[in-house]
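Participant: Taking the hints into account, I'd like the entire structure generated from these sequences.
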Amino acid sequence: MSRPTNSINQGPHGLDQLDALLQHRSRLGAVVLLSANGEINFTALRDLLKESDGNLGAQLRKLEDAQYVAVKKEFHDRKPVSWYSLTPTGRRALKAHLSALEAIVRSAHV
Amino acid sequence: MTDAHQLQQDLQYVREVVSRADRGGRRPAAIYWIWALYVLIGYPLIDFAPRYSGTVFLAGWPICFAASAYLGYRFKKTLGVKPARDRSRLFWGGGGLLVLFCAMAMAMTIPAMRGQILGQVVVVMVGIYYFLGGVHYDRNFLWLGPLLCVCGLLVGFVPHYGWTALGIVFALGLVIPTLFKPRVPEMTVQATGA
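Those protein sequences? They're chains A and B, same order as listed. Start counting the first sequence at 1; every next residue gets the next number (my numbering). Start counting the second sequence at 1; every next residue gets the next number (my numbering).
Some clues are possibly wrong.
[What the hints assert, rightly or not] DMTMM-like, lysine to aspartate or glutamate: derived pairs with alpha carbons at most 20 angstroms apart: (1) K82(B) <-> D19(A); (2) K72(A) <-> D53(A); (3) K82(B) <-> D16(A); (4) K77(B) <-> E102(A).
[Stated by the list, open to error] Output of the computed footprint for chain B on chain A, the stretches with three or more beta carbons under 8 angstroms from beta carbons of chain B: (5) 26-35; (6) 55-61.
No lab work stands behind these hints, which were simulated from the structure alone. Note that the Cβ used here is the ideal one computed from N, Cα and C, for glycine as well.
Facilitator: Right under this line is the structure:
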């Protein structure tokens with residue numbers, strides 16, 4: 001078996017299929033978590049991803065702008081709570097991104 | 001530009017996130033206490049008022065299941081998660097209905113499979129169902145399931161109050177682990193694929 005030696009800079013198969021938005025690890029982490037759960041609130045996402053409020057807010061806003069995630073505001077004990085969920089567009093994008101990653105890994109092992 | 005090393009680091013990060021989210025998987029202790037109460041009432045009735053035991057088991061199951069589902073949902077919501085498809089509900093609800101269906105089918109088709117024998121077979125089936133629950137959801141059921149199977153077989157040899165003893169063992173098996181473990185996990189988010 002040959003060892004994986006390719007850098008993706010060298011252009012293995014699947015690189016062009018990677019989703020630019022999901023190449024950021026916080027955004028990818030958020031989307032992966034949302035893909036397995038109906039809705040997750042901001043605080044839970046922040047704790048799981050170990051991100052600061054500001055950074056996570058900015059990353060989620062980008063996902064929201066691309067319509068990968070939907071946000072719903074609720075009030076709990078008079079405090080606003082943002083619940084995030086993955087949209088069908090986001091789910092499709094994640095599947096395509098994961099397929100591209102698989103292709104890269106496969107090409108690196110050939 | 002992203003290189004393989006960066007990609008590897010990002011995937012490692014996502015793996016850690018998923019692992020963190022998968023940690024715990026616990027349920028509120030109240031769910032275990034509800035079912036402990038159910039078996040603690042249901043099984044002794046077989047010894048003391050057998051006429052009512054079937055009714056109590058049949059009527060109590062959907063009530064306890066609905067209460068458990070509600071408590072589980074509320075618990076997850078306090079952790080910041082609203083599960084869309086809760087597989088545990090499907091497992092416990094569907095499994096319970098299958099045990100019930102099998103018991104009714106056996107009672108209707110096999111004349112010898114009634115009364116005490118049917119009760120024993122149901123306990124063994126519940127034991128298997130709990131063992132599978134242990135494989136997927138709660139490690140404590142890995143020993144409670146086989147224990148129930150053994151109890152289901154042995155109860156036929158106990159001359160007096162065997163079902164009461166079984167109910168007590170079952171109830172203790174459900175509640176004792178809740179006394180020794182933290183009831184609120186760090187996080188319980190399902191973290192399986194896309």
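Participant: For every hint, state whether the structure bears it out.
Facilitator: Quick rundown of the hints versus the structure:
For the hint pairing K82(B) with D19(A), the CA-to-CA distance comes to about 27 angstroms; that exceeds 20 angstroms, so the pair is violated. For the given pair, K72(A) sits about 17 angstroms from D53(A) by alpha-carbon distance, which is consistent with the 20 angstroms threshold. At most 20 angstroms may separate the alpha-carbon atoms for a hinted pair to count; K82(B) and D16(A) exceed this at roughly 35 angstroms. Among the hinted pairs, K77(B) with E102(A) is inconsistent with the structure: their alpha-carbon atoms are about 34 angstroms apart, more than 20 angstroms.
With 5 residues having a Cβ less than 8 angstroms from any Cβ of chain B, the segment 26-35 of chain A passes the three-residue criterion, so the hint holds. With 0 residues having a beta carbon nearer than 8 angstroms to a beta carbon of chain B, the segment 55-61 of chain A misses the requirement of three or more and the stated coverage is violated.
Checked against the numbered hints listed earlier, the structure breaks hints 1, 3, 4, 6; every other hint is satisfied.
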